[in-house]
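Student: One letter stands for each residue in the lines below.
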Amino acid sequence: MNVDLISILGNFYVLTLIKLGLVAGVLLTALAYLQWIERKVIAHIQLRVGPTRVGPHGLLQPLADTIKLLTKEDLMPSHVNKFFYVLAPMVAVFFALSAIAVIPFGPKINVFGIETYMQLSDLNIGILFLLALSGMGVYGIALAGWSSNNKYSLIGGLRSSAQMISYELPMALAIASPLLLAGSLSLREIAESQAGFMLGFIPRWSIFQMPAPQLMAFVLFMIAGFAETNRIPFDLPEAENELVAGFHTEYSSMKFASFFMAEYANMVTICCLATLLFLGGWYPIVPSPVADYIPTLVHLAGGGMLIFHGLQPARKWDKYTMPVFGVAFLAVGLLFLVPFLQPILLPLFWFISKVGILLFLFIWVRATLPRFRYDQLMHFAWAFMFPVSVVHLFVTAFLVALLK
Amino acid sequence: MDAILFFLFAAIAVVSAINVVVQRHPISSALSLVGVMGSLAVLYLLLGAEFIAAAQMIVYAGAIMVLFVFVIMLLNAGAEKSPRKGWILTAVAMPLLVLFLGMVSYIIQRGFPNAPLVVFGQFTGGSPKDVGMALFTRYLLPFEITSVLILIAIIGAVVLARKEME
Amino acid sequence: MPEGYLPIFVFMVVALLFPVVAIVAAKLVRPSSPFATKLEAYECGIKAASSSRGRYTVRFYIVAILFVIFDVETIFLYPWAVRYQSLGWFGVAEVTVFLVILVVGYVWAYKKGALQWV
Numbered sequence: 080m081n082v083d084l085i086s087i088l089g090n091f092y093v094l095t096l097i098k099l100g101l102v103a104g105v106l107l108t109a110l111a112y113l114q115w116i117e118r119k120v121i122a123h124i125q126l127r128v129g130p131t132r133v134g135p136h137g138l139l140q141p142l143a144d145t146i147k148l149l150t151k152e153d154l155m156p157s158h159v160n161k162f163f164y165v166l167a168p169m170v171a172v173f174f175a176l177s178a179i180a181v182i183p184f185g186p187k188i189n190v191f192g193i194e195t196y197m198q199l200s201d202l203n204i205g206i207l208f209l210l211a212l213s214g215m216g217v218y219g220i221a222l223a224g225w226s227s228n229n230k231y232s233l234i235g236g237l238r239s240s241a242q243m244i245s246y247e248l249p250m251a252l253a254i255a256s257p258l259l260l261a262g263s264l265s266l267r268e269i270a271e272s273q274a275g276f277m278l279g280f281i282p283r284w285s286i287f288q289m290p291a292p293q294l295m296a297f298v299l300f301m302i303a304g305f306a307e308t309n310r311i312p313f314d315l316p317e318a319e320n321e322l323v324a325g326f327h328t329e330y331s332s333m334k335f336a337s338f339f340m341a342e343y344a345n346m347v348t349i350c351c352l353a354t355l356l357f358l359g360g361w362y363p364i365v366p367s368p369v370a371d372y373i374p375t376l377v378h379l380a381g382g383g384m385l386i387f388h389g390l391q392p393a394r395k396w397d398k399y400t401m402p403v404f405g406v407a408f409l410a411v412g413l414l415f416l417v418p419f420l421q422p423i424l425l426p427l428f429w430f431i432s433k434v435g436i437l438l439f440l441f442i443w444v445r446a447t448l449p450r451f452r453y454d455q456l457m458h459f460a461w462a463f464m465f466p467v468s469v470v471h472l473f474v475t476a477f478l479v480a481l482l483k
Numbered sequence: 154m155d156a157i158l159f160f161l162f163a164a165i166a167v168v169s170a171i172n173v174v175v176q177r178h179p180i181s182s183a184l185s186l187v188g189v190m191g192s193l194a195v196l197y198l199l200l201g202a203e204f205i206a207a208a209q210m211i212v213y214a215g216a217i218m219v220l221f222v223f224v225i226m227l228l229n230a231g232a233e234k235s236p237r238k239g240w241i242l243t244a245v246a247m248p249l250l251v252l253f254l255g256m257v258s259y260i261i262q263r264g265f266p267n268a269p270l271v272v273f274g275q276f277t278g279g280s281p282k283d284v285g286m287a288l289f290t291r292y293l294l295p296f297e298i299t300s301v302l303i304l305i306a307i308i309g310a311v312v313l314a315r316k317e318m319e
Numbered sequence: 002m003p004e005g006y007l008p009i010f011v012f013m014v015v016a017l018l019f020p021v022v023a024i025v026a027a028k029l030v031r032p033s034s035p036f037a038t039k040l041e042a043y044e045c046g047i048k049a050a051s052s053s054r055g056r057y058t059v060r061f062y063i064v065a066i067l068f069v070i071f072d073v074e075t076i077f078l079y080p081w082a083v084r085y086q087s088l089g090w091f092g093v094a095e096v097t098v099f100l101v102i103l104v105v106g107y108v109w110a111y112k113k114g115a116l117q118w119v
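Protein chains in written order, with our numbering: chain A, 80 to 483; chain B, 154 to 319; chain C, 2 to 119.
Simulated from the structure, these hints should not be mistaken for lab results.
Be a bit skeptical, because a hint or two may be false.
[Stated by the list, open to error] Not the full set, but computed from the structure, chain C residues with beta-carbon under 7 Å of chain A:
no.	residue
1	Pro8
2	Phe12
3	Val14
4	Ala16
5	Ile24
6	Val30
7	Arg56
8	Phe61
9	Phe71
10	Thr75
11	Gln86
12	Val93
13	Trp118
Cβ atoms here follow ideal geometry from the backbone N, Cα and C, with glycine treated the same way.
Please work from the sequences and hints to get the whole structure.
Tutor: Take a look at the structure:
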């Protein structure tokens, strides 16, 4: 009976369906909570408290937002081009969500004797697949702007698509230079090429890897990533003071939410891609025996801090909620010590922390920087980013040929 | 499996291609063309040409069609008026269309009399590595000449657009 | 079909269904009470003086066409990057020739002011 169950679960199709459910479920939850995290972080940077009303610390806010957006009146202005107006948000979400399918989250694992990769599926052309999807993402925004038949929307849509295609070039070139080191377009192989340490302690991540550290490419990639996702300081398409809300001015209810969801999904994809290309994917920052205890220590410290704050409550409910979260943290921290779970949890911890730090960077920048002017933005793309990334690619090629 | 996907996407490609011509509004036509490009990419994939499939999506669907959509948005090209056509025109055009299709298939038949049948999964040299090897050793000259072609395209585009701006 | 694409296709179908289901579900539960003023284009409050379907600056067109051109160039660099370590100095030489010709084009376009937004 038990053996049968394992052989059923080990079946390729069943396994794929399980992974698909996991990836889709985790992604959608993460997207919902990213909104909460963003509001909280920005609030704290600006000395506010952010959402606190729905659930403890506003933790149920994403649920409330979903219900609100689902039940809002959905206006379809009389002058829009109906078919494309409805199609545009679907296109945007479709291409944004599809991207996660090729992202690997960890190495090969062995659960009850079933060997599988922590990835839905690995493609030989993984990177090109992501580039194609990000190129197709332009259609969602262009169509939304055009079909709304509104001046703000049209200008927002045009600006946004021009910006996205302009920054796609430096992004593609910045991606190409770590590929010279990795020699593959498969995301799993790229991550695996960054395993190990130089001189025993420097991780062989692309940004450190000799002979050509890719720090510059990483910076170029992140800048282009901010522009691709239409985030501050490149959120010209939604520049409130000139364009109301840009391409989604005329959208309401779930269609409006779809655009936001697509933006967050794109953000997650960019951060995952940056982690895999430059930050060594799921490989730890220090060699193994030390690295295995870091997750536990981090969680124990976090849990301890939460319990400590619970003992000196700043708000009414803190003395109940904080210790509960603290104990949960301690429990998760101890899970990392279970030898059976270690091969699954440790890579996941490193991957998620790197992605999380990059996502935090996105939010931090949003809370800090003002917006570009549109001519500066385009000039920056064509007169700085593009030549610099070409030169960088060339220098990398030269160094690799010289020293390998 | 491959055969089912082939027929599905071949059908999508043909229907989208017909839609490109039938639609009155340029945006609808352009997006149908994107559909054609997308299903062609899947057909390439079925034949084993992964890199070409990705290039098809990135360059055709992601760049050239974006340019089309851009131009339509910028120029505010409206829906075309349907030309008045009588049944006589249709009656004459239909046999001509059949004749044309017959001619094309005859020429293809004569041109490649011993063309081998396509077998899914037979071709395995389509990965980026294989393409890179072929492109940078055997087909190096065409590759370098491509850059000249691109240079000419840059000059042409800038000259045309400059005229527009002044 | 090469290995590994089937799960991707299935996932893409799910990704396609998700927004469709969400938008249809929203249609079922939401209230709807449209009236003429509500359905007007979002403007400054006064009735719109002209249609939004005007003509816009040619700059966007130049950006799009240059993007197409340089995108073709970029896609050529990927098979090169993958094969780079086995090509060695020969690979450097090949791409130098390729890129130099394009850099000439880029510099020329820059001098002509095609990349200047204003």
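Student: Compare the structure with the hints numbered earlier in the document and write down the numbers of the violated ones, lowest to highest.
Tutor: 3 and 7
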